Amino acid sequence: MTRLEMRKAEPVSLLIRGARLLDPAEGLDVTADLLIHAGKIAQIGDRLDAPEGTRVIEAGRRTVLPGLVDPHVHLRVPGQEYKEDCATGSMAGAAGGYTTILSMPNTDPVIDSGATLEAAFERAAESAVIPVGFLAAVTIGRLGETLTEMRDLADRGAAGFTDDGSPIESARVMRRALQYLKPLNLPIALHEEESSLTRGGHMHEGAVSARLGLGAWPGVAETLMVARDLRLAELEGARIHLQHLSIRGSVEEVARGRERGVRVSSEASPHHLTLSDEAVYSLDSNFKMNPPLSSEDDRQALIEGILSGVIDCIATDHAPHAQHEKEVPFEAAAFGVTGLETALPILLEELVEPGLVPLATILRAMTEGPCNAFDLERPALRVGAPANLAIWDLDARWTVGERPFHSKSKNSCFLGRRVRGKCLVTIAAGCLALDAMEDKAVGAV
Amino acid sequence: MSNHRRHLLGMHDLDSADVERILETAAGFEDVVERDVKKVPTLRGRTVLNLFYESSTRTSASFELAAKRLSADVVSVKAAGSSVDKGESLKDTVRTLNAYKPNIIVIRHPHIGAAQLTARWSDAHVVNAGDGKHQHPTQSLLDLYTIKKRLGRLQDVKVSIVGDVLHSRVARSNIEGFQMMGLDVTLVGPPALIPPGIEEATGVKVSDDPESMSEADVIYVLRMQHERMESGQNYLPSLREYARVWGVNARRVRPGQVVMHPGPMNRGVEIAPDVADSAASLVENQVEAGLVVRMAVLYDLMTRPSMGTVIDIRERAGERGAA
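Protein chains in written order, with my numbering: chain A, 1 to 445; chain B, 1 to 323.
If you're looking for bench data, these hints aren't it; they were derived computationally from the structure.
Since we're looking at a predicted model, the values are computed, not measured.
One thing to keep in mind: the hints can contain errors.
As the list claims (entries may be wrong) - One-sided and incomplete, this derived list gives chain B residues near chain A with beta-carbon spacing under 10 Å:
(1) E54
(2) S56
(3) T57
(4) L90
(5) P110
(6) Q116
(7) L117
(8) G132
(9) E200
(10) P237
(11) G256
For each residue, glycine too, the CB sits at the ideal point set by N, CA and C.
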């Protein structure tokens with residue numbers, strides 16, 4: 001059973017008055033009051049009374065959304081706490097309206113043993129403000145050679161397995177991992193790249209790389225591995241989760257795999273959905289990530305994938321790096337960008353507001369999709385459910401970077417961009433994780 | 001830091017009027033370098049700082065000499081033997097040297113975009129003397145100067161750029177510079193060494209037929225960048241095979257064609273010695289042009305307000321966010 005940890009906190013009792021309550025997975029879109037009692041959603045209805053000692057928030061035109069779930073975050077724990085830690089990373093999540101995040105094991109040391117996994121859970125239990133889960137490595141040291149003790153790691157609550165940051169190069173090792181995991185029915189999350197094609201590359205191969213001279217790799221480097229692993233998963237009847245898809249051909253492979261009945265879930269990131277490789281003309285290292293920003297045609301294919309449901313998750317791949325790792329020439333810079341604090345706001349601005357993708361579709365890909373992929377309880381605006389929700393001002397516009405990030409790192413690819421939607425209050429697992437209501441509506445009655 | 005300092009980071013910083021003016025200025029400096037006393041007081045009291053992270057003979061020598069001919073104070077820093085050897089970051093090196101208040105920093109660096117970062121981190125005018133595989137704008141200017149001097153025109157001159165375009169900053173600068181000045185550019189080479197997407201990106205023609213260079217007025221031979229060929233990449237089976245199929249030899253050069261090469265040459269690989277030393281070769285003319293053109297660039301940066309890059313405002317946003 002997937003284990004989630006956060007610091008001990010007092011469950012809240014709270015009445016949110018007159019908010020739009022929007023939860024597409026519940027078929028809910030009404031203006032009503034929502035009462036949280038002792039960390040659980042106690043009542044939804046008109047003109048609810050606040051029991052004694054209950055804080056009241058006058059929501060005004062604000063919207064209550066279910067808490068978002070990010071299945072792909074790098075909290076850098078253990079070992080790289082100079083980039084991020086459980087406190088700052090989970091706080092960044094809370095600020096982005098997330099109430100559950102899953103952290104990746106490409107740490108130092110790698111989470112490839114029961115002891116390192118336990119250590120990571122302990123850090124989360126000390127300081128995370130929202131529930132945090134961890135994936136463990138598929139192979140020892142993420143070297144792609146020897147399987148980890150996946151039974152032990154699963155018993156200790158690993159949310160799944162991944163060598164994220166690297167592909168599993170050997171098809172044989174990949175197959176053995178699928179065979180070993182099948183009885184556990186846990187997913188392997190896959191970072192897909194054919195490394196003999198990507199070696200020495202810094203960006204997507206195309207007109208932009210031709211002009212700049214930057215080492216680049218072709219999109220088929222991803223698609224080849226996607227095709228391989230869909231076939232292997234089909235062969236073994238096992239589950240796979242394809243991380244951060246970025247290429248049209250890969251989306252097409254997933255669609256075909258689904259038709260054949262392959263048990264596959266997949267992600268796209270907010271940056272791949274909103275930016276193309278043209279951004280790299282700036283040579284700003286905050287546009288360097290893996291997979292790299294790809295062509296405008298690929299971006300359109302990802303949007304189509306979200307619309308059709310072929311891509312069922314939006315995941316940030318939040319990858320914090322210290323300033324000195326990014327403030328260098330592009331080729332010397334680390335791969336990766338932060339994303340938790342800007343995910344829904346950039347999607348609202350770039351996809352929802354122009355009418356390209358309905359808000360309901362985005363929200364399902366940020367709640368239902370990841371929960372199905374990793375067997376997590378879906379945050380829901382439903383009486384009796386634990387309070388995993390956030391109060392948003394969906395119309396508020398702001399500029400990324402104008403206020404400090406909660407993350408320890410500042411390597412956002414959206415710095416300076418106008419975005420839409422501010423998360424004001426986040427309640428995760430019944431506890432207050434973010435309280436940024438700035439108006440006088442806040443206060444105990 | 002000012003948003004309006006002028007730099008020469010790539011050929012995209014110039015328009016055709018800028019190029020024509022620089023070439024005219026360079027022609028004016030021919031007199032100076034032929035004189036007995038080869039010095040003018042134009043940049044007296046100004047400081048030019050050469051910062052070279054890569055080995056270089058002609059570029060570093062000609063920038064240093066160009067600055068001295070203009071009476072500037074010149075400091076040349078090479079990465080080997082400097083604090084770069086001790087692991088100092090580019091930012092710290094630039095900030096340190098900036099404290100000496102140079103007027104111009106000339107930088108060569110193995111990484112793309114290093115000149116742009118130097119412009120952001122310093123208060124000087126920055127000249128890119130080569131940043132990785134990206135740009136080498138003064139090479140393009142001196143090549144244009146050489147072609148114009150020999151052929152008397154630039155418009156509609158047919159140039160075949162031959163060889164390892166993929167790894168060549170000279171090719172990238174020349175594609176932009178040549179197209180801007182109306183030359184007709186074809187890239188000729190084995191497909192693995194032609195960057196995918198370059199036709200779409202720039203509108204050049206591409207040929208994988210070595211015989212196509214017979215159409216050109218100018219055969220521009222690129223250095224075979226074998227030091228950048230990582231082992232196992234297999235761009236080519238061998239240099240011998242490359243020389244046999246793509247090498248420019250006397251048999252290939254027809255009367256009336258001229259041959260150029262940015263140097264340093266691999267004799268017997270991309271260019272045969274009988275071509276390199278022939279009357280068709282403009283290689284030494286290119287070296288001579290390098291001096292007067294670099295004098296003209298330094299002069300132009302210090303005297304003309306209309307030239308060069310204004311640092312992109314989006315970068316500022318990034319800088320603010322990271323502050």
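Residue hint B/S56, partner chain A, criterion CB-CB below 10 Å:
18 Å, violated
Taking the least C-beta to C-beta distance, is B/L90 closer than 10 Å to chain A?
6 Å, holds
Is the hint on B/E54 kept, meaning its closest Cβ partner in chain A is under 10 Å away?
Nearest chain A Cβ about 13 Å off; hint violated.
Should the hint that B/G132 touches chain A count as held when the rule is a Cβ pair under 10 Å?
Because about 6 Å separates B/G132 from the closest Cβ in chain A, which is inside the 10 Å limit, the hint holds.
Per-residue hint verdict: B/E200, partner chain A, C-beta under 10 Å
It holds, given that the least Cβ distance between B/E200 and chain A is near 4 Å, below 10 Å.
For the hint on B/P110, does the least C-beta distance to chain A fall short of 10 Å?
Where the cut-off is 10 Å and the nearest Cβ of chain A is about 8 Å from B/P110, the hint holds.
May I ask you to test the interface hint for B/T57 with respect to chain A, counting a Cβ-Cβ separation under 10 Å as satisfied?
22 Å, violated
Interface hint status, B/Q116 versus chain A (Cβ within 10 Å)
With Cβ-Cβ at 6 Å, under 10 Å, it holds.
Hint status (Cβ of B/L117 to nearest Cβ of chain A, threshold 10 Å):
6 Å, holds
Report holds or violated for the interface hint on B/G256, using the least CB-CB distance to chain A and a cut-off of 10 Å.
Status violated, d = 31 Å.
Hint check: is the beta carbon of B/P237 less than 10 Å from a beta carbon of chain A?
This hint is violated: B/P237 lies away from chain A, its Cβ roughly 18 Å from the closest one there, beyond 10 Å.
Violated hints, in rising order: 1, 2, 3, 10 and 11; the structure is consistent with all others.
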